[in-house]
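Just so you know, the protein sequences line up as chains A and B, in that order. Residues in the first sequence are numbered consecutively from 1, following my numbering. Residues in the second sequence are numbered consecutively from 211, following my numbering.
Rather than coming from a laboratory, the hints here were simulated on the basis of the structure. Because the structure is a prediction, the values reported are computed rather than measured. Check each hint, because a few of them may be wrong.
[What the hints assert, rightly or not] Computed cross-link-like contacts, SDA-like style, restricted to lysine to any residue with a CA-CA straight-line distance of at most 20 Å:
(1) A:Lys-209 x B:Leu-379
(2) B:Lys-214 x A:Lys-209
(3) A:Lys-116 x B:Leu-420
(4) B:Lys-304 x A:Tyr-145
(5) A:Lys-141 x A:Gln-201
[Unchecked claim] What the simulated footprint calls covered on chain A by chain B, stretch by stretch (three residues with Cβ under 8 Å from a Cβ of chain B suffice, anywhere in the stretch; the number is not a length):
(6) 30-40
(7) 84-96
(8) 144-151
(9) 163-169
Glycine included, each C-beta is placed from N, C-alpha and C at the ideal position.
Number of protein chains: 2
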Amino acid sequence: MSDKLTDKTLIGFLDALASSAPAPGGGSVSALSGALGAALVSMVCNLTLGKNKYADVQDDISALVERSEALRHELTDLLQADVVAYTGVSQAYKLPRDTPEEKAARSAAIQEALKKATVVPMQIAETCVKVLDLCTPAAEKGNVYAVSDAGVAALMAEAGLRSAALNVLININAIKDREFADKMGAKLDGLLEGKPAFKDQIYDLVVEKL
Amino acid sequence: MSDKLTDKTLIGFLDALASSAPAPGGGSVSALSGALGAALVSMVCNLTLGKNKYADVQDDISALVERSEALRHELTDLLQADVVAYTGVSQAYKLPRDTPEEKAARSAAIQEALKKATVVPMQIAETCVKVLDLCTPAAEKGNVYAVSDAGVAALMAEAGLRSAALNVLININAIKDREFADKMGAKLDGLLEGKPAFKDQIYDLVVEKL
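Only chain A is shown next, with the shape it has when bound in the complex (with noise of 0.2 Å):
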């Protein structure tokens, strides 16, 4: 059996999330919640291509379709990174720490891997804002039968990216590298700005259209 996560089942998925080990966890559920929000894109896309009804936007839905495919394996990538990442601190946790070199060594690889531990949450929410971006268009432009989905979509993209922040966050307090740490603060900081009224706008928008 394989050892990636996206190849075990959901029941699966969701018994080693509930269980004590430290991964898989809030991280990779984020991906995986932005994922979701761009595989429903895509599949109000698939909704909407080929149909007469929608002649006039055939060509904007398939370059919605082309842009929502490829951020959904962006982000099953992301949720693997996401666990590589999370293990590499607890193993730097793990390391011997009996002499002044050893402690320094270790201290040294724990700051190493919480920084690679920030970028991965950090990536994940850069593509979850990318996800809810489509969400519009998808919403005013697919067909209205599954305009539900593309609420869901939007609802899933910034759940995504605010779990994702979660993780930056508790990360970056940990960070001595102050720089680093403001740095990932503040990019995290424009990344949320405005994105629970936008997904809030969308979610209107679907509930006028139902």
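We have chain A already, so just place chain B on it with the hints.
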């Protein structure tokens, strides 16, 4: 291979979701989102049980994980139930309508199927509210090392609730029995009331503890 959605791999589920197949869709995702939230509450509990530092909350955490695991299993059952209910609607629309009798029978079958397809996402919404209610005690009493996971749990439970709500709404708009539709609409309003703000409260509590 089993035809149960929860026995699909994550990749297989995402592929099926992205396709133009009528199910799985947003309804299944709402149940999965709630199940991910419940599993994360369980994870926080399982990282708290048996830890000396949390000796005084062991009974509370034991009760919490029993509840979150029950809700997780309810939500995976509801994921499958939603597909069955949704398939029922698709099949009713495909019934013959050549004679007045056939038309009447088809219309009655559609209405009956739509009611079933409304009740299931309503149950998903109710169960997501119950998961959301577990996130505050998980964040307050659980292992602080996993507090971000309690925050992600709240984000997923609320996204599941609002996603399920969209699926209730799209169905009640097509239901002719207005007494049933109005009752469902009122019930849904009650479930949604104040929940986005409550989720943000949990998020803020988590950010403070990071």
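Verification of the supplied hints:
Between Lys-209 of chain A and Leu-379 of chain B the alpha-carbon distance is near 11 Å, which keeps this suggested pair within the 20 Å criterion. Taking the CA atoms of Lys-214 of chain B and Lys-209 of chain A, the gap is near 31 Å; set against the 20 Å cutoff, the hint is violated. Pair hint Lys-116 of chain A plus Leu-420 of chain B holds up; C-alpha atoms about 18 Å apart against a cutoff of 20 Å. For a cut-off of 20 Å, the pair hint linking Lys-304 of chain B to Tyr-145 of chain A stands: about 16 Å separates their Cα positions.
For the hint linking Lys-141 of chain A to Gln-201 of chain A, the alpha-carbon distance of about 16 Å falls within 20 Å, and the restraint holds. A stretch counts as covered by a chain when three or more of its residues have a beta carbon under 8 Å from one of that chain; for the segment 30-40 of chain A and chain B the count is 8, and the coverage holds. Three residues within the 8 Å Cβ limit are the bar, and the segment 84-96 of chain A against chain B gives 0, so the coverage statement is violated. Counting residues of the segment 144-151 of chain A whose CB lies closer than 8 Å to any CB of chain B gives 5, so the stated coverage by that chain holds, three being the minimum.
Beta-carbon proximity to chain B at under 8 Å applies to 4 residues in the segment 163-169 of chain A; the threshold of 3 is reached and the given coverage holds.
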